[in-house]
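Engineer: Residue numbers (the working numbering), protein chains in the order written: chain A, 128 to 336; chain L, 128 to 336.
Worth flagging that the hints you see were computed from the coordinates, not collected in a lab.
There could be a bad hint or two in this list.
Same chains, same label: a pair holds when it works inside one copy or across any pair of copies.
Here are the simulated DSSO-like pairs of lysine-lysine, each with C-alpha atoms no more than 27 Å apart in a straight line [claimed, not checked]:
#	residue 1	residue 2
1	282	211
2	282	253
3	240	264
4	240	287
5	243	200
6	222	285
7	285	191
8	200	253
9	283	243
10	279	264
11	264	287
A quick note: this is a predicted structure, and the numbers were derived from the prediction, not measured.
There are 2 protein chains.
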Amino acid sequence: MASTYSMASTSFGANSRFDRQLSRILNHATAIFCEKGYEGASIRDLSRASGLSLAGLYYYFQSKDELLYLIQKHLFTSVMERLKENLKTAADPEKRLRIFISNHLAYFLARPKAMKVLSHEDDVLKGALGAEIRTLKRQYYHCCADLVEELKLTKKLKFKSRAVVLCLFGMMNWIHTWYNPRVDGDAATVAREIGNVFLRGIYASTSGR
Amino acid sequence: MASTYSMASTSFGANSRFDRQLSRILNHATAIFCEKGYEGASIRDLSRASGLSLAGLYYYFQSKDELLYLIQKHLFTSVMERLKENLKTAADPEKRLRIFISNHLAYFLARPKAMKVLSHEDDVLKGALGAEIRTLKRQYYHCCADLVEELKLTKKLKFKSRAVVLCLFGMMNWIHTWYNPRVDGDAATVAREIGNVFLRGIYASTSGR
DNA sequence: GAGTTAAACGGACGAACGTTCGATAGATAT
DNA sequence: ATATCTATCGAACGTTCGTCCGTTTAACTC
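Can you build the whole structure from these sequences, using the hints too?
Structural biologist: See below:
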């Protein structure tokens, strides 16, 4: 009974055979959770999709909850990892915020199904697993909030930080409901457009109304 | 067997005793769908919450699907009704767009659970019921898109209309994940803030980048 | 090639699911 | 007083659910 998991960079990270198979299963699970929702998806759906038996699947995880936990945890740690790497290349506050936006969109528009699972099954997990995911999410939020605060101080802007940061997340995360690469261009294009709206939106606000 | 429903203005509209009871049930259903999600919520949960038996509930609707349909349909028609009323009071394109935003937020921040059900259970309805809801949604989207287009022409602005309209919806609809009236102020306050970010965001864009 | 571990399986468990049937109490109409 | 209709109920139907037990095959190790 293998009970520790290792995570690498691409997809769900694969070293040993166990990791590779688990990765395959998590990818199938992501697709199914995306299509039917966590509650609407059954382990039997996953069994059909992955070609493994019901009992065979349970060799790789302990419960349906843990399945969702593994997916969400991997996504948060993975996008955060890339963010930290990308932020090293710039010191200018505006550029750094643009990097956050393009990192977020590049990562999640390349994984639209994962994006939906992350934002749609946001508060499904209860107990310890849910608490851990919420912690990761809060860390990611604060990365963005810090960048906005940095910019705000540098340019002496005036706005409610909480509100505008959550506006930015709204613009970015709502995308999974409408994005079509053929109509809307690639991730970099959308990142530039959202960055434009957001930065102009907060730049003009040096006075009250 | 009663098979036609009437809808009035407040909550779920109540004329006859039947309508009043149906309204009560739909309100309970909204709360439960909000808390557990459509798939995760059971008719038994609704039975417990409403104090009616399982079989007694089915006197008021034909299926769980129809329950969700009734909720979503009422919300769309109801918010649209108010919008049209409110738009009568202004002719200036910018004011009209601000009215759309404040109408949307006033309506949905007063019904946070309904807001979540509407955006969270967006694509669960299949078949004819789902198609009808999607039509209502498209109409509502176009109301907003037309207002943005109006403003764009008047002020000779330059941007991808589709992208910015969906950015606006993103900001507005993401709110159900974070809004706290004690921290973030009332609906009018949030509407002003989002309106500021959005309008400044699109006003500055008369050139390409 | 014997022995051990890893990986998968069939088949079942009890519980919960959406839905329906036939019965019934109260109200309304004749 | 009788008949009809509205609103409700208990009890069950057939499915599907997540999970687990015992066993078997496949893959290494020595």
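Engineer: Looking back at the hints listed earlier, which ones does the structure fail to meet?
Structural biologist: Numbers 2, 7 and 9 - these are the hints that the structure violates, sorted from lowest upward.
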